[in-house]
Amino acid sequence: MFRTDLYRKWRYRLIPDHVLGEILSKRWIDNAIPFSVLTVLVVSLYFSLPGFFDAYAVGEYSRQFAELGLVTLAMTIVMLGGGIDLSVGSIFAIANFVALYCVHVLSLDPLLALVVTLAAGIGCGALNGVLIGYFKMRAFLTTLVTLIIFRAVVDMLLLRYSLEISSVFPDSELWAQIGDGALFDTVPYTFLIAATILVVAHIVISRMRPGWHLMAVGGSRRSAYNAGIKVRRTVFFTYVASGTLTAMAAYMYAARLASTGAETGKGMELVVLTAAILGGTSLGGGRGSVAKAVFGSLIVLLLSNALVQFGIQGGATALIFGLILLASVIIEVRWSKNRGKILNKVYVSPTYVRLPDSPPTEADSGSPYAVNDKLRRVDVIGLGQIEGPEDVILDSDGNLYCGTRHGDIVRFFGPDHTRHEIFAHTGGHPLGMAFDRDGNLVSCVSGMGVYKVDPAGNVSKVTDQTNRSWTSIIDDSRLSLADDLDIAPDGRIFFSEATKRFDLETWPVDVIESRGNGRIVCWYPDSGKTRTVLPSLRFPNGICIALDGQSLFFAETWACRISRYWFDGPKAGKVEILIDNLPGYPDNINRASDGNYWLALVGMRGPAIDLALQMPDFRKRMSQRVASSNWLFPNINTGCVVKFNEQGEILDALWDLGGVNHPMVTSMREHQGYLYLGGIYNNRIGKYKIPGADPDWQGVATYWGPDWRAKK
Amino acid sequence: MMTALRQQIDRFFGRGDASVFVPVMDGALKPNEILDTLEAALEVEGVDNLVSSGSRLLASSGSTLLHLDASGGPCPIHQFPDPISALATDNSGRIAVGLASGRVAVIEQGQSQPAAEISIPCPTALLFDEGDLWIASGSQSNGPEQWQRDLMTLGKSGAIHRWDTRSDTTSEIARGLAWPYGLARMDDGAILVSESWRHRLVRLPPGNRRDGVIRPEETPLAGLPGYPARIVPDSGGGFWLAIFAPRNQLIEFVLRETEYRQRMIASMKPEFWIAPCLRSGSDFREPLQGGGVKQMGVLKPWAPTRSYGLVVHLDKHLEPTASLHSRANGHVHGVTSMALHGRNGAPHLWIGAKGDGVVVVVPEKGALDD
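Chains as they are written, first to last, in numbering that gives the first Met the number 0: chain A, 0 to 711; chain B, 0 to 369.
By construction, these hints were calculated from the structure, which means they are not laboratory data.
Cβ coordinates follow ideal geometry from the N, Cα and C atoms, glycine included.
The reader is advised that the hints may include incorrect statements.
In silico negatives: residues of chain B with every beta carbon more than 10 angstroms from chain A [to be verified]:
| # | residue |
| --- | --- |
| 1 | D25 |
| 2 | E258 |
| 3 | M263 |
Pairwise CB distance ranges, derived in the manner of DEER restraints [unchecked claim]:
| # | chain 1 | residue 1 | chain 2 | residue 2 | range |
| --- | --- | --- | --- | --- | --- |
| 4 | B | E270 | A | D547 | 56 to 62 angstroms |
| 5 | B | S91 | A | S366 | 41 to 47 angstroms |
| 6 | B | S18 | A | L322 | 33 to 39 angstroms |
| 7 | A | L382 | B | P269 | 49 to 55 angstroms |
| 8 | A | I14 | B | I264 | 25 to 31 angstroms |
| 9 | B | K315 | A | S366 | 47 to 53 angstroms |
| 10 | A | S366 | B | E42 | 31 to 37 angstroms |
Simulated coverage check for chain A against chain B, where a stretch passes if three residues somewhere in it have a Cβ under 8 angstroms from a Cβ of chain B [as the list claims (entries may be wrong)]:
| # | region |
| --- | --- |
| 11 | 62 to 74 |
| 12 | 299 to 307 |
| 13 | 457 to 468 |
| 14 | 603 to 611 |
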């Protein structure tokens, strides 16, 4: 009909828009800008300065990198904790002097000299740490003062000992090797040492408790304190770490150059600060990483060497670095401020869907879905006592179980269901439920996974993750919205995960995307393993094992269709679509006493949203411009229950058109002649007498035989 | 060229004209639930355009002209072949009737057949002013019942006509209006016009009327959070203004989405459009918005809605001073007209909610105190 439809269909099939949002939601996206700057820099230097990357030069850079990288790491650690260390240059100078004095004048063993040097660095850092961490002085002023003090000490010491140091040439092979030795004559030892330290630091910061404490303190001091983290001690140790790393760098510098010049370490704080911020470490604390420090120091290092080779004078170099620092601070501020906004704008990424025409529902249409008022006079159970019974189930004694949004499974005592107790507390909103052969109640708990409640009410985990899919950028191994489940005769649990990209609070937003964000997953009782069996489904919801025990029916809510999947038998692995033009959004499926199946329609289709589904660009703009509470939604205020057979024919439809007693239905369960109705946004359970239904029939008996009882 | 470029840029970023900002109901328009708490005097299906002729309160219901406050309940006075879209009376008992088929008829007191008739494409409001009958025509291309189509096609072909009933001459006074839907006479002789699709009131200054079209002047009342309908003077120099539907972010967005709008109009019944309406939520095939999902069986009063009930009181400078609301969960939606009419000896404001088919009554003094 519309030429643009064909274009849209292929445009949205071929270009995966949702990837952008997923990339932006990754933590490593902060590194993207420094990394691309670095790449551009390397490529342009390679072509504009011939010989810039020859073997000798690279060796020299790697020695410089070992020193600069460690000091940048020192600065990064302090900044992560929310502080700043301006005294790194002076500590560097002190440590440089100590190392030279130990080796040249005292003729100590270089290793012993290292210990003494590090001790000097630790001492300087500890002074900063005590003043800032324990006495709560301002980091900026304190380190500015210690910068001057340490520098004065170095100047005095150099005045007295510099001649002595430079007149001696130490007779130590180890010292010389540290200075300019290299593994296989290519990789400098200092570079190897620095790389090792960086890797260890990365692991500590990103994977271990001290690093997490550091991030927490930098991110929010007060919250960290309230969480029981020792804030003062953590801050203290950031400065100690800074002093230690700076001393290590100075030791390498001393071994390499044996310089006693008064310029050593002067202005270093500015260079290092530039490197840290260029890499993307936040001045405000809490955001940064070793990788960022590495990127930042590499950029600064290459740039400063390039400026020298371009023949730019010292003053101009400082000016250029100042401007770069300014620019990177501006970018850093804008980025950290707007990143969340950009993510919000691009995360929802709709795709093209054209649903088959909806069958009529008018009362006089003669359609099997024609509206009626059969559910108007349902009895109501637990009105106001429960909130959000998505699914309901009954045991052989007629007790009724349902989940609530408070994270409980509530049991109403049969046969009258007037009294109730909290049967178990899962912690998440329990959705689909089923009994297993041993009498355990197995439930999909939103945000958590699949959990099992034994007859005594003890909750234990069945599974909360599946195999990660290869094409997914976000880690989709965790189950975020397990929805409904059913159990095969051999104990395999098949369950649906409705969507990987949204949670229970925002699930209707998934229809704005209408992409195959969901999957059907199987848990194997023998191995205890969990595997995805059907990926990329459009909000898979209800699951019901067919009476043949070899296949299951599943509903895809946003696709408005029911399919059948064979997991055993001759057709194993096949999926066939059973009904593809439902007038509403299918939810749970359960067995009926006459050998057919009940299906809940949680909401009804409307022409406005059906049209919007064909226009993904319209929905995208809507998600960006219109407040989310104003978005066009599927109409889930009205639903109904239908019955279908294995041929996909609709046999019956139950409506409450007035919407008085039970307008919204997400689930229904037949038991002894009655149909029990659940609804995820309801505060009640409905009970409907099915005319002519078998008064003895129990759903659970069709799974595990007439003798099955929930064990007491 | 620059304008076109700017429009494209605005469209991309959702700024300027592409912004879907909806004014907040605040200040004198702060939401309340007064309309829902008022006494529902009458239930009249599709009640519209209440007018008081001094002794009688008249209204229309479909194609029937009713005497609303007759002692035995609403009593039909006259049956027309087409739906009535506007009414007016004057002191002498004359009644002017706008018909959806595109005619305006004047009936003298005691007569049953029209004394005079003229053809107006879309009569939406009528006003007797001395010997003149002022006529608002909503649109050139859409009739009164197709107001949603006129809005969704960005109609701005409405006009104001003046019919000198003594000489039986008609002149067009203003044109290019976006659905004029209410008329009232101001103290200085100017005619106040509510221009629905531009969410504002404009005035046609007195004088200079005899020759040619006049340019409507802006009034302080612009940027309304809804679509204004009929206006009636109050007893103290101010006005009562009916707002027949709320503005809504999603609808504002759809108004800027040309392709979606065209396909929607081409393929769907108007009651299922993403468009304002007089009563929403009665069919599950209507569009629903996120905040309109019922939680625990309750529709929140702040839910985004396509229909609403709102009557605003304006002082003589057209500044809003008070308002009566029926919010998303209310049941007095789609107020298109009001009339000031005595009841038990005191002036009462009779409010006709066409969407819900009810007439609610409030003592005029009491309404202002709230």
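For each hint, the structure was consulted:
1. Listed as outside the interface, B:D25 is consistent with that label: its C-beta sits roughly 17 angstroms from the nearest C-beta of chain A, beyond the 10 angstroms cut-off.
2. Against chain A, the non-interface label of B:E258 is violated: not every CB pair exceeds 10 angstroms, the least being about 7 angstroms.
3. Listed as outside the interface, B:M263 is inconsistent with that label: its C-beta sits roughly 6 angstroms from the nearest C-beta of chain A, within the 10 angstroms cut-off.
4. For the pair B:E270 and A:D547, the supplied restraint of 56 to 62 angstroms is violated, since their beta-carbon distance comes to about 45 angstroms.
5. Our hint of 41 to 47 angstroms for B:S91 and A:S366 is violated, since their Cβ atoms are close to 57 angstroms apart.
6. Taking the beta carbon of each, B:S18 and A:L322 are about 37 angstroms apart, inside 33 to 39 angstroms as hinted.
7. Taking 49 to 55 angstroms as the suggested C-beta distance range, the pair A:L382 and B:P269 does not conform, at roughly 38 angstroms.
8. The hinted range of 25 to 31 angstroms is satisfied by A:I14 and B:I264, whose Cβ atoms lie roughly 30 angstroms apart.
9. The hinted window of 47 to 53 angstroms between B:K315 and A:S366 is violated, with their beta carbons roughly 58 angstroms apart.
10. The hinted range of 31 to 37 angstroms is satisfied by A:S366 and B:E42, whose Cβ atoms lie roughly 32 angstroms apart.
11. Counting residues of the region 62 to 74 of chain A whose CB lies closer than 8 angstroms to any CB of chain B gives 0, so the stated coverage by that chain is violated, three being the minimum.
12. Given a C-beta distance limit of less than 8 angstroms, the hint that chain B covers the region 299 to 307 of chain A is violated, as 0 residues qualify and 3 are needed.
13. Counting residues of the region 457 to 468 of chain A whose C-beta lies closer than 8 angstroms to any C-beta of chain B gives 0; at least three are required, and the coverage claim is violated.
14. Check result for the region 603 to 611 of chain A against chain B: holds, 8 residues qualifying (beta carbon to beta carbon below 8 angstroms, three or more required).
When held up to the earlier numbered hints, the structure conflicts with 2, 3, 4, 5, 7, 9, 11, 12, 13 and fits the remainder.
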